[in-house]
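Asker: In order, the protein sequences belong to chains A and B.
According to the numbering used here, the first sequence is numbered sequentially starting from 1.
According to the numbering used here, the second sequence is numbered sequentially starting from 1.
No lab work stands behind these hints, which were simulated from the structure alone.
Among the hints, a few may not be true.
[Unchecked claim] From the structure, some residues in chain B lie toward chain A, with a derived Cβ separation under 10 Å: (1) 34; (2) 42; (3) 45; (4) 94; (5) 98; (6) 103.
[What the hints assert, rightly or not] Chain B side only, calculated, beta carbon under 8 Å to chain A, not exhaustive: (7) 43; (8) 44; (9) 86; (10) 95; (11) 99; (12) 100; (13) 101.
[Said to hold, decoys possible] Only pairs whose alpha carbons sit at most 25 Å apart, straight line, appear in this in silico BS3-like list of lysine-lysine: (14) A:41 - B:73; (15) A:55 - A:20; (16) B:57 - B:107; (17) A:66 - A:20; (18) B:15 - B:107; (19) A:66 - A:55; (20) A:41 - B:22; (21) A:41 - B:9; (22) A:41 - B:107; (23) B:95 - A:41; (24) A:66 - B:95; (25) B:95 - A:64; (26) B:22 - B:107; (27) A:20 - B:95; (28) A:64 - A:14; (29) B:57 - B:9; (30) B:73 - B:15; (31) B:73 - B:22; (32) B:95 - B:65; (33) B:65 - B:22; (34) B:95 - A:55.
These numbers come from a predicted model, not from an experiment.
We put the beta carbon where it would ideally sit given N, CA and C, even for glycine.
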Amino acid sequence: GAVVSQHPSWVICKSGTSVKIECRSLDFQATTMFWYRQFPKQSLMLMATSNEGSKATYEQGVEKDKFLINHASLTLSTLTVTSAHPEDSSFYICSASGQGADYEQYFGPGTRLTVT
Amino acid sequence: AQRVTQPEKLLSVFKGAPVELKCNYSYSGSPELFWYVQYSRQRLQLLLRHISRESIKGFTADLNKGETSFHLKKPFAQEEDSAMYYCALRTGGFKTIFGAGTRLFVKA
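Construct the complete structure from the given sequences, taking the supplied hints into account.
Answerer: Next up, the structure:
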């Protein structure tokens, strides 16, 4: 099956700094990528949807200036958490979907962000 | 409003017993429903989708539009089925909404 990778798998940063998380589709072209956030013992919350070459569509309540998403190529999307605060500490998961009738989403392993 | 409800946070059954993980949805359009599974320390992966109407690892799920349900069933649970299960609804524009998840624990 298709593989989606995320880097880094975990990151610790200081409050006020920015951190970038990468999401790559390794063996297929991802027309659409999704970014989710998951709090401990809770479900995945969709943050934004991005299509290659277009601006991301953010869900209600998600600050687009704080969570910058770039989908510059069909295999790479990045999420940058700007001016991170402790409340941004969470598990961030990306998923990717290719073209075609299948539209199956393939999930990355997630990135654990801890802001101190 | 678009919503997926999984009423049980935890479901514990004995090995060999039948399992049913409940899922109800709220969506005004034509729904596309999925079950995803997350085994310990692994990423989320697709278990099955309603349009496929197939059985995966012995699990089946039938979409009941009248009851707006998509319950996941397996006649005989196995220990390796212990995992977190998420019901998901895909709406227009490929947006997928996840339920809160049910942790299935199969006891020996």
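Asker: Checking one constraint from the list: CA of residue 73 of chain B to CA of residue 22 of chain B, max 25 Å. Satisfied?
Answerer: Cα-Cα ~9 Å, so holds.
Asker: Holds or violated: is there a CB of chain A closer than 8 Å to the CB of residue 101 of chain B?
Answerer: 5 Å, holds
Asker: What's the verdict on residue 55 of chain A and residue 20 of chain A, does the C-alpha distance respect the 25 Å limit or exceed it?
Answerer: 17 Å, holds
Asker: Would the stated hint for residue 45 of chain B survive a check requiring a Cβ distance to chain A of less than 10 Å?
Answerer: 7 Å, holds
Asker: Please verify whether residue 20 of chain A and residue 95 of chain B have alpha carbons no more than 25 Å apart.
Answerer: 23 Å, holds
Asker: Between the alpha carbons of residue 22 of chain B and residue 107 of chain B, is the straight-line distance 25 Å or under?
Answerer: 19 Å, holds
Asker: Hint check: residue 15 of chain B vs residue 107 of chain B, CA-CA at most 25 Å. Holds or violated?
Answerer: 6 Å, holds
Asker: Have a go at the residue 34 of chain B hint: is there a Cβ in chain A nearer than 10 Å to its own Cβ?
Answerer: 8 Å, holds
Asker: Is the shortest C-beta separation between residue 43 of chain B and chain A less than 8 Å?
Answerer: Result: holds, 5 Å to nearest chain A Cβ.
Asker: With a cut-off of 25 Å on the C-alpha distance, tell me whether residue 41 of chain A and residue 22 of chain B pass.
Answerer: Judged against 25 Å, a Cα distance of about 18 Å means the pair holds.
Asker: Holds or violated: residue 73 of chain B with residue 15 of chain B, Cα cutoff 25 Å?
Answerer: 14 Å, holds
Asker: Check the hint pairing residue 41 of chain A with residue 107 of chain B against an upper bound of 25 Å on the C-alpha distance.
Answerer: 21 Å, holds
The structure meets every hint from the earlier list without exception.
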